[in-house]
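Could you put the whole structure together from the sequences, leaning on the hints where they help?
Number of protein chains: 2
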Amino acid sequence: MHNLMQDWPLRVGAILDHAARYHAKRPIISRSAEGPIIRTTWADIHLAARKCTQALRRLGVKPGDVVGVMAWNTARHLEVWYGVPGAGAALHTLNPRLFADQMAYVIDHAGDSVLMVDADLLPLIEALMPRLLKVRQVIVLTDRANMPDTALDVLCYEDLVAAEDGDTDWEPGDERDACGICYTSGTTGNPKGVVYTHRSNVIHALASQSPDMLGLGAADTVMPVVPLFHANGWSIGYTAPLAGASVVMPGRDMTPPALYEMLEQGVTLTAAVPTVWLGLLGWLRDNPEKRFSTLKRVVIGGSSCPRAVIETFQDTYGVQVLHAWGMTEMSPLGTVCSFKPEVTALPHEKRLDVQETVGHPPFTVELKITDDDGTRLPENGEEQGKLWTRGPAVVGEYLHAGKSATDAEGWFDTGDVATIDANGYVRITDRSKDVIKSGGEWISSIDLENAAVSHPEVAEAAAIGVAHPKWDERPVLVVVPRPGASPDKQSILDTVARKFAKWQVPDDVIFVEELPHTATGKISKLTLRDRLAEMNYTLPG
Amino acid sequence: MHNLMQDWPLRVGAILDHAARYHAKRPIISRSAEGPIIRTTWADIHLAARKCTQALRRLGVKPGDVVGVMAWNTARHLEVWYGVPGAGAALHTLNPRLFADQMAYVIDHAGDSVLMVDADLLPLIEALMPRLLKVRQVIVLTDRANMPDTALDVLCYEDLVAAEDGDTDWEPGDERDACGICYTSGTTGNPKGVVYTHRSNVIHALASQSPDMLGLGAADTVMPVVPLFHANGWSIGYTAPLAGASVVMPGRDMTPPALYEMLEQGVTLTAAVPTVWLGLLGWLRDNPEKRFSTLKRVVIGGSSCPRAVIETFQDTYGVQVLHAWGMTEMSPLGTVCSFKPEVTALPHEKRLDVQETVGHPPFTVELKITDDDGTRLPENGEEQGKLWTRGPAVVGEYLHAGKSATDAEGWFDTGDVATIDANGYVRITDRSKDVIKSGGEWISSIDLENAAVSHPEVAEAAAIGVAHPKWDERPVLVVVPRPGASPDKQSILDTVARKFAKWQVPDDVIFVEELPHTATGKISKLTLRDRLAEMNYTLPG
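Heads up: the sequence lines are chains A and B, in that order. To convert a position in the first sequence, counted from 1, into the numbering used here, add 4. To convert a position in the second sequence, counted from 1, into the numbering used here, add 4.
It cannot be assumed that every hint is accurate.
No copy labels: a pair is met if it fits in one copy or bridges any two.
[Said to hold, decoys possible] Cut-off 30 Å, straight-line C-alpha distance, at most; resulting in silico cross-link-like pairs (DSSO-like, lysine-lysine):
| hint | residue 1 | residue 2 |
| --- | --- | --- |
| 1 | Lys354 | Lys300 |
| 2 | Lys29 | Lys372 |
| 3 | Lys66 | Lys354 |
| 4 | Lys506 | Lys407 |
| 5 | Lys441 | Lys300 |
| 6 | Lys526 | Lys300 |
| 7 | Lys138 | Lys503 |
| 8 | Lys29 | Lys506 |
| 9 | Lys294 | Lys441 |
| 10 | Lys66 | Lys503 |
| 11 | Lys138 | Lys372 |
| 12 | Lys300 | Lys138 |
| 13 | Lys300 | Lys437 |
| 14 | Lys407 | Lys29 |
| 15 | Lys29 | Lys354 |
| 16 | Lys66 | Lys526 |
FYI, nobody ran anything at the bench for these hints, they're computed from the structure.
What follows is the structure, given as structure tokens:
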């Protein structure tokens, strides 16, 4: 009586097949690598992806190989997104902002044998090539007319695919085969490789497009501003064709006017980190005649979204904010802050309070919080603890780690510290390595930072714990003032004090010109702590 | 590099866990088996289901066993829906309207060792019990106060679960383990058992709740009028908790005033076969002061939905109709007629034309049409052919069949004849065994019937092919007049002729008082053809 339904493996190729058959003419609008905005369709992407599969096979790419791809968000990147796994290889997305050593490390560690690179990013590979001993072929993602001058022995992507007819099948295989690889850009140690399977990507996309998650349908046009090389591209490369949505690809130009131009191509849903939206909203403030004519919802994740961004999108522009949380290890979706009926029923300000949480998980994402000893904590919105997760799209083992990434019961430690309330809304209060422990209590560095940046003269802020003989640690704020501003220490502390108990208010404010960031744009507290140690910083008083 | 994500089996128990944790207090409103309307929550259902699991284990139910359940749509049925697979057993839903011989056959064939039965349905089991040699225990789904008098040795469900504390885990297991069994009530031969796996039910529920399918979210309240024992209960027992939706259970009273009363409990989405809605809309016509205060969408499937029903729901009541198609073998969802942008752009009447199709499939459902030789036909909305399907929630092998239910490439023959248009909208034109073949062309019996019932004096109509020496077959209409009406043959044929080519118009109309139906309410053309043969019917002229 076992296993009497069909054996239909969950493979990502089937997603694109579905889009090409049932949403064939839905527009794919892309700012191309070469510059112009071009329009294609899911049917076009499907054909092009199969040509890509054929071309890779002709180059000797075999199932189980790894192909590195370093590219901006373009329609061509979408072709490759399916063309590489179509050949049975794993697509290793490369973040061009990685430091050279990290880049060389991940290309070698994943075993990339072929690299596919946007023309403007080729210099990064040229510089590294002597160290990339496993790479046997570099393909430049452009046409013959736009091929860059290079000393490397490279192939032209459009020449390769022009030689193919697209008349092929995706490589068949097990649903647990590797489909994609994305490295975490850890702030300590070497990056770690997360190997998405066909199965994990398909299940994750099904869960992500749910009405209360991204809520993607065929009437939507989605623009991923988040790069496809960030955390599995937030899975939009899978959810969009699965839902039959249109896609707008912004290309490499992330300036506010360029993003606005692309949003006005009919986009209804978009997704990016808060800094992108801070930039866009600032530009819109200076261009008050600009409105969004089609945009309805914006997904904001990657780091905590300031309340002011949520309010401006919603109140000024009528665009619903979906605050979200996830991580590379989760494919990446963990939670989305959509409104359950309990929240819809709240008054405006209370709803905004809820929107400062990152929301609730979809089915297939299990969450729990524990204390340092692993004892489960109550989910009452008050107790904060280490956040753990479990699910079919959560990492089980890092690439070549040779050991499980989870505990014996299958739980993965997210490294975040959070509260979870009775309705399941998660508030990320800290990274566990950044939490400030004072007098036996935890103080949220994120909450302190959010309070500090609500000060009108503060551009960016980092809260870190500094050793204290009596209290273990005391919080200190490191602040970048807004251009031209010279904020007063006490006024910043007063601003913070409005939202915190007295013992939680930082002991000091240090002004700096800029904060150190990681390759994915997060504040590197590790570097910051090192800098304070180098300058022999001591607490006042 | 294989299988590095977590091994998290897709089991239905996880769906209820999710609902109980993240949608704990969402109301479950049920007309109980005992009569009163009761309110519980997903948290309550979760606790009760675990008690049910414990009680079944105490009775000796083991993984791999089969438990038969014959019950109306109540909250208690939902408990059992999870309690039985929670113990690792397969839940075999029993249709109380099956003929006695079929009922005895399916209970024995599936190997039901325990039966759980609503009190009012116990007489059906009492009558069969001497033939049910494998059944070792009967549980009556009620409390002590409502236990019926019976000579059978039965247990009281509420007594059993009251003895448990709910502190248990679902039986762990493989995702391809049997989870549920539903027999097709074939019009020929013995019913065939479809064995849903945990995996197929989970994947199917994820696909079904997509925005363009049921589009279920936490803000919805769904009422399945379709019985849970019909075609996997249209999967609503899984999609509702997965989406965190509220549920209203109508109980056994299917009269229009009773259904209306339950719809007014906040229902936003409901689902049933067309006859249910014909009855309700008729009652509403006679009670013009009644409106729907919350209902937004109605899923109509099981047989072709008349255009008038679609128009009345939408134009008179502002309720969107989602015409759907599926089958027991597909878990059951095949297609839903939601609007893609191409359809939204159409004028009103053209959109209604599209709504007479059953819509398009979700990702995970593959479809194709072929001619009798298996050659794939173009999907242009014109060519009709045998409809085949493939997917992870499609039957692979019927229970105890010992052979595949599919062809060598994994395609399952739905038994339907259909056209598929360029946008993927499927029009079911016939059952392949009912299609009328005249002069080498196929005539759709369903289209003829729909045309006939658009005649104001026709209550129900069946079109069948009658042997003809020259044309192979010629169509004949068998018609049930509306009460009190005496329609004229020619006026019915004239009505049909407006929509059909001359050679497609039936050669005759036969008036009868009623048509033979199967246990699931479909017209039994097999019986009808037998009757015509018995009366030595011959074509006129």
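So, going through the hints one by one against the coordinates:
For the homomeric pair Lys354 and Lys300, the shortest alpha-carbon distances inside one copy (21 Å) and between copies (28 Å) are both at most 30 Å. For the identical chains of this complex, Lys29 and Lys372 are inter-copy neighbours only, at 19 Å across copies versus 43 Å inside a copy, given an alpha-carbon limit of 30 Å. For the identical chains of this complex, Lys66 and Lys354 are neighbours neither inside a copy (54 Å) nor across copies (49 Å), given an alpha-carbon limit of 30 Å. Taking CA atoms no more than 30 Å apart as the test, Lys506 paired with Lys407 passes in neither setting, with 44 Å inside one copy and 74 Å between copies.
When the C-alpha separation of Lys441 and Lys300 is checked against a cutoff of 30 Å, the pair qualifies neither within a copy, at 41 Å, nor between copies, at 51 Å. Proximity of Lys526 to Lys300 under the C-alpha cut-off of 30 Å is restricted to the intra-copy arrangement: shortest distance 27 Å within a copy versus 44 Å between copies. Taking the closest pair of Cα atoms, Lys138 and Lys503 never come within 30 Å of each other, the shortest separation being 54 Å inside a single copy and 68 Å across copies. In this homomeric assembly, Lys29 and Lys506 never come within 30 Å of each other (Cα to Cα): the closest approach is 60 Å inside a single copy and 37 Å across copies.
For the homomeric pair Lys294 and Lys441, neither the shortest alpha-carbon distance inside one copy (46 Å) nor that between copies (62 Å) is at most 30 Å. With identical chains, the CA atoms of Lys66 and Lys503 are never at most 30 Å apart, being 58 Å at best within one copy and 56 Å at best between copies. In this assembly of identical chains, the alpha carbons of Lys138 and Lys372 never lie at most 30 Å apart, being 41 Å within a copy and 44 Å across copies at closest. With identical chains, the CA atoms of Lys300 and Lys138 are never at most 30 Å apart, being 46 Å at best within one copy and 58 Å at best between copies.
In this homomeric assembly, Lys300 and Lys437 never come within 30 Å of each other (Cα to Cα): the closest approach is 36 Å inside a single copy and 48 Å across copies. Taking CA atoms no more than 30 Å apart as the test, Lys407 paired with Lys29 passes in neither setting, with 46 Å inside one copy and 40 Å between copies. In this homomeric assembly, Lys29 and Lys354 come within 30 Å of each other (Cα to Cα) only across copies, at 20 Å, whereas the closest approach inside a single copy is 42 Å. For a Cα distance limit of 30 Å, the shortest separation of Lys66 from Lys526 qualifies neither inside one copy, at 36 Å, nor across copies, at 52 Å.
Comparing the model with each earlier hint shows violations of hints 3, 4, 5, 7, 8, 9, 10, 11, 12, 13, 14 and 16; every other hint is respected.
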